[in-house]
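Novice: So you can see what is in the structure, the chains are spelled out below.
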Amino acid sequence: MKRSTGAAQPAAARPAKTGAGPGRAGDGAPTVISARGLSLTFETDDGPVNALSNVDLEVGRGQFVSFIGPSGCGKTTLLRVIADLEQPTGGTILVNGVAPEQARLNRAYGYVFQAAALYPWRTIENNVALPLEIMGYAATERKERVQRSLDLVNLTGFEKKYPWQLSGGMQQRASIARALAFDADILLMDEPFGALDEIVRDHLNEQLLELWARTNKTICFVTHSIPEAVYLSTRIVVMSPRPGRVTDVIESTLPRERPLEIRESRQFLEIAHRVREGLRAGHSYEE
Amino acid sequence: MRALAQGRTVPVMAVVAVIVLIWYAGTFFLNAPFERDQAARAGREIAFGELLERTMAQERPVLPAPHQVFVELWDTTVNKAVTSRRSLVYHAWVTLSATLLGFAIGTALGILLAIGIVHNRAMDKSVMPWVIASQTVPILAVAPMIIVVLNAIGLSGLLPKALISTYLSFFPVVVGMVKGLRSPEAIHLDLMRTYNASRSQTLWKLRWPAATPFLFTSMKVAVAISLVGAIVGELPTGAVAGLGARLLTGSYYGQTIQIWSALFMAAALAACLVMVVGLAQTMVMRRMGERP
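Protein chains in written order, with this note's numbering: chain G, 1 to 287; chain C, 1 to 292.
Honestly, the hints are just simulated from the structure, not real lab data. A couple of the hints might just be wrong.
Straight-line distance between alpha carbons at most 30 Å, and here's what the computed DSBU-like set of lysine-lysine pairs gives [claimed, not checked]: (1) C:205 with G:161; (2) G:160 with C:80; (3) C:205 with C:179.
Extracted from the complex, chain G is given alone in its bound form:
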């Protein structure tokens, strides 16, 4: 089986549009994800539901983009469209310069779900090795990559454990290691820390930033926590429900180096305030 590096198409060939719309790529980085007028309508028994309505978005290479909004604002749906797990009903979207399906076939991204989704009959190392087995890596390289990924999420020493023997936070770290094991340069994360308590979450946020700095991956991160979004992101996409749409895009002015204490700084609080304003503007506090 042939392996793909995931970035076969030169994404840089499509220069990012600047200055136009709420979704410009910012800092001039090559565009990795670009959506134009993206819509998705689910047909349900109670009539059509507009999960996404006319969404424009540009994500540049190496950015950390958070999608924040209340339940039903389409943030998870948007992530699933990027991952080719849902089909849009309108508009266009390109991932690495190609259609999402092609990007998926190229194995362009690693996806981290809300639950760890580890296979209970596999040890931690075998769970991390799962995508490598499927993609046809040789046994020796598999071993090497599993070690490297587990090391990145500080899980060395837990290779032989089964998922139930690990805490929720460790399980989620293992699932991140699994998404890092192959050479995808996009990491799509759907509320990965939503089910964890705040202390564990703080710790994992810190580790995630560290990991992002070390790997240079492009990260799309869905959350409903304002501090989490502000702390992690280089840019925050604020969304609102019914129909799901983008109401504000905020470029973070925080430095790349972010100790946990930065969350008490004036700058941090100002950005958090603007996110809150954006959410309120989208009438998200109605319910």
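With chain G fixed as given, assemble chain C onto it according to the hints.
Specialist: Structure of chain C alone, referenced to chain G:
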């Protein structure tokens, strides 16, 4: 003493004792009319003590006493060479071999059908109703015809009987495995999709391991009804060997003790088979990292 009271031994023994008591009482009441009749014909009175003694030792009782069945079981298993036609072990083996062959074919067939049903929409729509319909036909009516038809095309001996076991045992496996293969959660399947995994990779790395507990549960049911199938296969065909043949000759000649000992042998066999599948399940699930 405390350990004994808290264990399962005491309750189980108590239940067994009650059953044996009821059985003895039943033996007395069911066999007594015959003895009274005999006494009346001979024109003499029969005392209670003698009546009790005689009802427990008839040659062809309506209901044999537990100790009669036990003696017969002992006599036909321990005291006879296993190759002898009079040995119950020999007959049990004849039935067991058909059971195991039928169970193996039935399990394989059930798994294959389930994989087909899960992966193919047309099969999903068309096969399942037939699978269910197959089980509504009384096996006792079908069994002789299967044997006759297979005989006509030159198949006889072990295989026709095994196929009747197969006919019964594939059903729980199909139903259980369809459910098992469909048991993975949506995110586990989504994960496979993000890796662009092929259908066979999804089957072997996700669906199959997820279905394993379902498979063993189905196999426990399947192995027990395989035995029923093998016995039923021996009944209407004039089989010369096997537990079914023992039941049949027993009923021809009114050998109730022989019938009951064959029944007990079949029950013990079924219990052993289910236990073996259960042990295999424990071992496999432990290897799959199941939480103890």
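Novice: Within a Cα-Cα threshold of 30 Å, do residue 205 of chain C and residue 161 of chain G meet the stated pairing?
Specialist: 19 Å, holds
Novice: Check whether the Cα positions of residue 205 of chain C and residue 179 of chain C lie no farther apart than 30 Å.
Specialist: Roughly 17 Å between the alpha carbons, so the hint for residue 205 of chain C and residue 179 of chain C holds.
Novice: Run the distance test for residue 160 of chain G versus residue 80 of chain C: straight-line Cα separation, threshold 30 Å.
Specialist: 53 Å, violated
The earlier numbered hint that this structure contradicts is number 2, and it is the only one.
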